[in-house]
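Enquirer: The primary structure of each chain is shown beneath.
Protein chains: 4
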Amino acid sequence: MFDTVNLEDARRVIAAAEKKAAAIGQPMNIAVADAGGNLVAHVRMDGAWLGSIDISIKKAYTSRAFDIATKDLATHSQSGNQFFGIHASNNGKIMIFAGGIPLKRDGRVVGAIGVSGGSGEQDHAVAEAGAAAL
Amino acid sequence: MFDTVNLEDARRVIAAAEKKAAAIGQPMNIAVADAGGNLVAHVRMDGAWLGSIDISIKKAYTSRAFDIATKDLATHSQSGNQFFGIHASNNGKIMIFAGGIPLKRDGRVVGAIGVSGGSGEQDHAVAEAGAAAL
Amino acid sequence: MFDTVNLEDARRVIAAAEKKAAAIGQPMNIAVADAGGNLVAHVRMDGAWLGSIDISIKKAYTSRAFDIATKDLATHSQSGNQFFGIHASNNGKIMIFAGGIPLKRDGRVVGAIGVSGGSGEQDHAVAEAGAAAL
Amino acid sequence: MFDTVNLEDARRVIAAAEKKAAAIGQPMNIAVADAGGNLVAHVRMDGAWLGSIDISIKKAYTSRAFDIATKDLATHSQSGNQFFGIHASNNGKIMIFAGGIPLKRDGRVVGAIGVSGGSGEQDHAVAEAGAAAL
Chain A
1 MFDTVNLEDA
11 RRVIAAAEKK
21 AAAIGQPMNI
31 AVADAGGNLV
41 AHVRMDGAWL
51 GSIDISIKKA
61 YTSRAFDIAT
71 KDLATHSQSG
81 NQFFGIHASN
91 NGKIMIFAGG
101 IPLKRDGRVV
111 GAIGVSGGSG
121 EQDHAVAEAG
131 AAAL
Chain B
1 MFDTVNLEDA
11 RRVIAAAEKK
21 AAAIGQPMNI
31 AVADAGGNLV
41 AHVRMDGAWL
51 GSIDISIKKA
61 YTSRAFDIAT
71 KDLATHSQSG
81 NQFFGIHASN
91 NGKIMIFAGG
101 IPLKRDGRVV
111 GAIGVSGGSG
121 EQDHAVAEAG
131 AAAL
Chain C
1 MFDTVNLEDA
11 RRVIAAAEKK
21 AAAIGQPMNI
31 AVADAGGNLV
41 AHVRMDGAWL
51 GSIDISIKKA
61 YTSRAFDIAT
71 KDLATHSQSG
81 NQFFGIHASN
91 NGKIMIFAGG
101 IPLKRDGRVV
111 GAIGVSGGSG
121 EQDHAVAEAG
131 AAAL
Chain D
1 MFDTVNLEDA
11 RRVIAAAEKK
21 AAAIGQPMNI
31 AVADAGGNLV
41 AHVRMDGAWL
51 GSIDISIKKA
61 YTSRAFDIAT
71 KDLATHSQSG
81 NQFFGIHASN
91 NGKIMIFAGG
101 IPLKRDGRVV
111 GAIGVSGGSG
121 EQDHAVAEAG
131 AAAL
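Residue numbers (full-length UniProt numbering), protein chains in the order written: chain A, 1 to 134; chain B, 1 to 134; chain C, 1 to 134; chain D, 1 to 134.
Do not take every clue at face value.
Same chains, same label: a pair holds when it works inside one copy or across any pair of copies.
As the list claims (entries may be wrong) - Only pairs whose alpha carbons sit at most 25 Å apart, straight line, appear in this in silico SDA-like list of lysine to any residue: (1) 19 to 66; (2) 104 to 54; (3) 104 to 47; (4) 19 to 51; (5) 19 to 128; (6) 104 to 76.
Note that these hints are calculated values from the structure, not bench results. Since we're looking at a predicted model, the values are computed, not measured.
Using the sequences and the accompanying hints, generate a full structural model.
Expert: Pasting the structure below:
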């Protein structure tokens, strides 16, 4: 038995992320995955990068797959570090740069948000704004 | 210059499709692609099939890729017919069964909707309801 | 919030399936997926086909992805029928022949079993024996 | 004639690995491959990372594929070293970080264990515990 985000949750998270993206003036792709790592909802804001559709969805997956912010996974995955090479796993679904954050309820991971469309710092900030709205 | 759906359009289309899906009591995955065939937005209604996430997105792509309802493409793609084998093209992105419909404005295709989660007939009906809302 | 099989459940299901496979004298690959479609456990009985490792895992995924026995999905997926072409979706993870069955508890799908290693009839029979043990 | 682990061996190895994982309080994915590099059995302990299912299976494959602990392969595979880029081979089946160990009987490699779910150090320690039980 486990808790997971539903579509209503995902929409609330996405709305908060969009608001933040608008505030910093950077259109984004925003995706939310559930506790099983499967996509619940995705939006591409007008003008956001096409190549970031896939990345936002995969950041959400990655963040749930390892219950970690992709920003932190990035640190462990550089050449010389303990998880270098992890991006070759899971048939290309692993993204190892900032923008994915686990969604938690009562201390348990119930899904994840993935954001892509700006700098790593911007993506992470927008993801944080979304995660805070769960 | 080409005309294309934006996020606001996609949301209006999805809302109409969701309403129809709720009316027939079948939760659906609903995706909207733009004039470039790229995903604009996706939602998975609570309880909709996991395997239909991918299918809804690919039906939208397929429908825009060939400017045709996937229901009609299906006819041409059965064993013995002129497009049999087309599902092996485009790196697995082609879906050849009902549920994808081009979105038109002033007679021009500006995107597509893809729906998956029920019978072919249900998917097509929900897609039609969405397309009518553009 | 949803219910899902855990490792203990998966082992009980696999044990029952193995017993059935032994009874009919056909070594099998047996896989169990959880409510999110993700693998919980897999065994390859001695002498079972190598090519069936992948198939058993994908039958379990497919059965949960569409909440249907793959034997029934097969019917809908033949040329001329409503889901023909579905095997091209989900990046090669869809198996459309007998051997995958949803696992249910209190009427809700909480995972799935996938069996591969014999005829379609044998695979389905072994999967049924496993499913009955949940 | 070659010697290889069978399902009974794999279960003994997995049981020992699970015991170690429980002792260190870190749920793991554990996989065993045979002398042909093909999966014999896999378990995901309750609470273990979803993204580690694939990684555990691929660590076992990698370890048998090159008859080496993946921890040692990691050293050779960093940027600047002799096997940098090897993770792009074998269609994405190569994992180059700690957690995979060859299984040996009478000095010959008869399979491999792959563990994923914690730090590289934890994964390797659990794999060692499993390998010792062959």
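Enquirer: None of the hints should be skipped; say for each whether it holds.
Expert: Hint by hint, here is what the structure shows:
For the identical chains of this complex, residue 19 and residue 66 are inter-copy neighbours only, at 22 Å across copies versus 27 Å inside a copy, given an alpha-carbon limit of 25 Å. Taking the shortest alpha-carbon separations for residue 104 and residue 54, both the intra-copy value of 23 Å and the inter-copy value of 24 Å come in at or below 25 Å. Taking the shortest Cα distances, residue 104 and residue 47 sit within 25 Å of each other only across copies (15 Å), while inside one copy they are farther apart (30 Å). Proximity of residue 19 to residue 51 under the C-alpha cut-off of 25 Å is restricted to the intra-copy arrangement: shortest distance 21 Å within a copy versus 30 Å between copies.
Taking CA atoms no more than 25 Å apart as the test, residue 19 paired with residue 128 passes inside one copy only; the shortest distance there is 12 Å, against 31 Å between copies. Only within a single protomer do residue 104 and residue 76 lie at most 25 Å apart by alpha-carbon distance; the minimum there is 22 Å, versus 31 Å between protomers.
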